[in-house]
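A.B. asks: Chains as they are written, first to last, in numbering that gives the first Met the number 0: chain S, 0 to 227; chain L, 0 to 227; chain X, 0 to 227; chain R, 0 to 227; chain D, 0 to 227; chain V, 0 to 227.
Please keep in mind that the hints were generated in silico from the structure rather than gathered at the bench. There's no promise every hint is true.
For identical chains, the list gives no copy identity; a pair is met inside one copy or between any two copies.
Taking lysine-lysine pairs in the DSS-like style, the calculated list, with each CA pair at most 25 Å apart, reads [said to hold, decoys possible]:
id, residue 1, residue 2
1, LYS194, LYS213
2, LYS130, LYS213
3, LYS139, LYS194
4, LYS139, LYS213
5, LYS130, LYS194
Number of protein chains: 6
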Amino acid sequence: MAEVVTNTQRTDLALVDALGEFGVATIHEAQGRIGLLASRLRPIYRPTRVAGNALTCEVAPGDNWSIHVAVEQAQPGDILVVTPTSPCDDGYFGELLATSLRAHGVRGLVIDAGVRDVADLTAMGFPVWSKTISAQGTVKETPANVQTPIVCAGAYIRPGDVIVADDDGVVVVRREDAQRVLDASRTREENEATKRELLSSGALGLDIYAMRDKLTQRGLTYVTESHE
Amino acid sequence: MAEVVTNTQRTDLALVDALGEFGVATIHEAQGRIGLLASRLRPIYRPTRVAGNALTCEVAPGDNWSIHVAVEQAQPGDILVVTPTSPCDDGYFGELLATSLRAHGVRGLVIDAGVRDVADLTAMGFPVWSKTISAQGTVKETPANVQTPIVCAGAYIRPGDVIVADDDGVVVVRREDAQRVLDASRTREENEATKRELLSSGALGLDIYAMRDKLTQRGLTYVTESHE
Amino acid sequence: MAEVVTNTQRTDLALVDALGEFGVATIHEAQGRIGLLASRLRPIYRPTRVAGNALTCEVAPGDNWSIHVAVEQAQPGDILVVTPTSPCDDGYFGELLATSLRAHGVRGLVIDAGVRDVADLTAMGFPVWSKTISAQGTVKETPANVQTPIVCAGAYIRPGDVIVADDDGVVVVRREDAQRVLDASRTREENEATKRELLSSGALGLDIYAMRDKLTQRGLTYVTESHE
Amino acid sequence: MAEVVTNTQRTDLALVDALGEFGVATIHEAQGRIGLLASRLRPIYRPTRVAGNALTCEVAPGDNWSIHVAVEQAQPGDILVVTPTSPCDDGYFGELLATSLRAHGVRGLVIDAGVRDVADLTAMGFPVWSKTISAQGTVKETPANVQTPIVCAGAYIRPGDVIVADDDGVVVVRREDAQRVLDASRTREENEATKRELLSSGALGLDIYAMRDKLTQRGLTYVTESHE
Amino acid sequence: MAEVVTNTQRTDLALVDALGEFGVATIHEAQGRIGLLASRLRPIYRPTRVAGNALTCEVAPGDNWSIHVAVEQAQPGDILVVTPTSPCDDGYFGELLATSLRAHGVRGLVIDAGVRDVADLTAMGFPVWSKTISAQGTVKETPANVQTPIVCAGAYIRPGDVIVADDDGVVVVRREDAQRVLDASRTREENEATKRELLSSGALGLDIYAMRDKLTQRGLTYVTESHE
Amino acid sequence: MAEVVTNTQRTDLALVDALGEFGVATIHEAQGRIGLLASRLRPIYRPTRVAGNALTCEVAPGDNWSIHVAVEQAQPGDILVVTPTSPCDDGYFGELLATSLRAHGVRGLVIDAGVRDVADLTAMGFPVWSKTISAQGTVKETPANVQTPIVCAGAYIRPGDVIVADDDGVVVVRREDAQRVLDASRTREENEATKRELLSSGALGLDIYAMRDKLTQRGLTYVTESHE
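Assemble the whole structure, with the sequences as input and the hints as a guide.
C.D. replies: In structure tokens:
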């Protein structure tokens, strides 16, 4: 009953690449604090940062067959996003699949499961965010959906949504929000540059953000203790 | 109902720095195997080691407002120690707050929650021990206590207690125990140097520590098996 | 009631070393996808790879006494494999024990518990796979079995079985299977070299592995969506 | 920036109630093995079963304000489905909110977070599926979305989708699939009644499902061992 | 190096019993949302509620010796509170110790570790809150502190502080705060009775708590969607 | 490559049933504190106790095919013991399989994975110890070994070893140790009856077990505090 959707839309790569100049934390804030994948997804090496179009792929537990199906759907600038249909920590992905994906222009992997061959993947510079690292391989018995909307690590992701991933984690930006989020990220980062300069000179956030009155209203009090 | 205590005591920095020459495992043993924070707190980069006075700070779940309050209470040589009032994995802390703390002489962060901007924090060399890494930011709606005694990762910590942290974890030394623990740490380390030399020449711990009789008394027996 | 078996068998080191040229994932596949230790065991530094004869050791919770007993049983080419008799995250092992083991030719440690002194262990280049890192030390009150069959991280391991460990995890090869698994690993790796070349030139796994018919039989269909 | 959508659609209650006569496992299979919420959601008492229209509600970490907003949107036959915008184990919900929901005809609660007052909720017979039980209460500072599509415990849920929950867990059926899934569930259950009778008389699944040839093809062999 | 403090203070039992008439959630709120033990502590049977004076006891990992020491310090109305010096899931406590404690008037057990004999403990009606259930027993080799301040499940507890535990979890009330918290609990519960009546008649929390203006100020908006 | 061993040995049922009169904690102690399965295995209902011969069965992740194979190997008095070849929480087992097993005299299930239909299983009185409860079903694509030695929840179990399970957990007794462990369990239980009587009359374990001198030797001291 598995399906492959072959004509999914993608976000323009110029827009994707512009988003990729910002960190995940910045983009997450800029788009209203939505779209973050669960923090259990961690990069296999650091530092790293990548942005691309989501190439979505479900996999059966302990079965990586549909990843092979997904490779054929890849286009340059994609990031493969894999979610198991039930929780699984097996090592679904290794150096051979990375070699194949790279040959088709895929920029990295986000997977809510395990990967293996991490020494090779690191040497190749192929970035991966995974739930775990495991040498436990998988079978090829049950195909699953490719390029359909999925839930990966708690986030709803459609093919062609923008994925940005760095040392802090992974965020998805909806295709139709990409330009707006890019603009908001730029504004946010410019704003932070000013604050950074003030803070590094010793100014206090309490003053820069004018927090003192609000803190008092919310009940904060300053006390001294006796030290006999 | 939150409070900031403004005149807390601190441990003399000469004493703090002397303690910082020892590893966490050594100090933990030297003070009678107490004071260790839970091992879920891990450094964001390795190797690293730091010692300082605890600057304590509670935070509401998903709310980092009181960290801004804590910055104003900082003195050179402090380590900020943050604990949420209920368990939370959000990314409470990033590069802007580190910039601000560093401007006030703070040496690092210990937090039983998440942090973000870890690539920047690593580049800055600002050491952090945290429960997790997460790009999920926080709000500023609810202040919490600053410079009061707290429980962080299972350890009871008062402002001005000494925090030592390295690749193995984090330990707290009570202000009044600091000199005694320093002395015990020195004794322990000298003792270990002798043992290290013996062990590296092939001597057995069984002999160095005279364990053989006690092992026999506790029921240890040596057997051979048949290999037909 | 603890026992030390003093005349256990070992696998020939030439065979052990030949196995050590292959990665854990390759060996695991080559021996029929058995023998993997749970993925919670992670190396304290990366990259790393080692192979050796299992020197097995049980430990009581919070008690590392039997590790001292095990050192005396060590032979060059061994890897110490430690399992607690009930789950425990304490730091059973540090730099002094590593110094002692190295003096006796032991190549590394696999432990389903915690270790400490990881900065020193890393500097020494003494490889360790552990469940956690913890400065919490242990006592010496209760001996446990050494060189008996054990279950470590879910795998059944007998003294002298071959342990191979790398960035992906840890696998055990039974003494009597070592030659067969070595042969199968070689075959597998030669086979992968051919595939790697094809994949890097852009050929699809779907074609290389002739998967298309079987996928259709299992119900995979290709669809297009309307984008109005 | 939070929104409440006031005119969401619902599934006809006759259809909802018909689905509620089947167990979660049956419905999950009948709709093609999709739609299950993560198994971390457990009922606070057993046995229990309920079906209703999803009344969706996001909450900020440690903040249950939007649950109060959701009550006003409730209609008889709804099940409140709550997801935090970042992971949180606080006790968001207790007996007072259950009293309020029941007054508006709401049949139960599904929440990927904590609840409290579980003795009272059990005594009331108000069914709850939650991630944890915690007495830790919440604040009312940050509103979040109500009646928008959400991801709860890994499943994508829209207002008015059908929720069925029992001792095995929670499943969502999309509004537009409800009739089809009901039909498939009936077929499945009839089919199972026949099998149950055969199996209880001692017939083997190997024969009922004609598995023997396929097992042989997949490499299953029967062997005997020597017992000297 | 372990100590037993023999003349600790206790809270008057009339005050303890009065607090025991309120639930943990109520007391936690009434004392300003502090003092809750981590929600990993769960009762072994439900429903249950108990209040008593904390009889504190540390235990070494896998070693329950100091519980025997604690029994001698027990007085009627105590609740034994046990914390391991490093995390441990062993079954420290069973039916024999419960029999002994009951003979000395102890009302229950709170333990951040495992227990066993839960069928017997349930049959006896001896209430226990534990981290886990495990048949794994313990040794008697290493004594630990009794009746000293401890951190148990993240809360700081001194001998004679009041422990209240029910189906929702466990809370500690400081000896010196007991009367104040009792008064606040009574006020809170009276207040809730009024609200319960209003809510059960269908009144909305939005109106009872006058939340509508504040929600608008915080950015909540109501929208309708088109359903073409 | 999966195998079914068809002529495995079993322990005499009279011996099995005699062991089943003792609790898991008693048997675990009586056989020298070995053989316990990990405490993550919990009964789906309580109270319950069962003993039987291990009928061992491996399963592929998300695939319960070999359970059907195992049913044919069942004999009256068996307990089915299932372990996945890589960790999996799916619901491998439900009411139909229980019906089939019961028809062949199987007394219960121990599984280091998930089960479903727990309301039905409870109503049937078919005891199950599992890692989790999940409605997520499994496929039938990959057979695995039946009646071979396995590691289940950390314990090494051979076909025909004795399994005893109760509210505290699950223990395995080796076939060849069954009589010896039965004798030791009887001795232990008689010994406990005497102690229970003494303890319930208020005698202290410190005196019954003559612990006072040994405690002093290990450094326990009694102190009083000043309460000014």
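A.B. asks: Each hint should be assessed against the structure and marked as holding or not.
C.D. replies: For each hint, the structure was consulted:
1. LYS194 <-> LYS213: within (20 Å within a copy, 30 Å between copies)
2. LYS130 <-> LYS213: neither (40 Å within a copy, 30 Å between copies)
3. LYS139 <-> LYS194: between (53 Å within a copy, 17 Å between copies)
4. LYS139 <-> LYS213: between (59 Å within a copy, 10 Å between copies)
5. LYS130 <-> LYS194: Classified as neither: same-chain Cα gap 35 Å, cross-chain 27 Å, threshold 25 Å.
Hint compliance for this structure: hints 2 and 5 are not met, and every other hint is.
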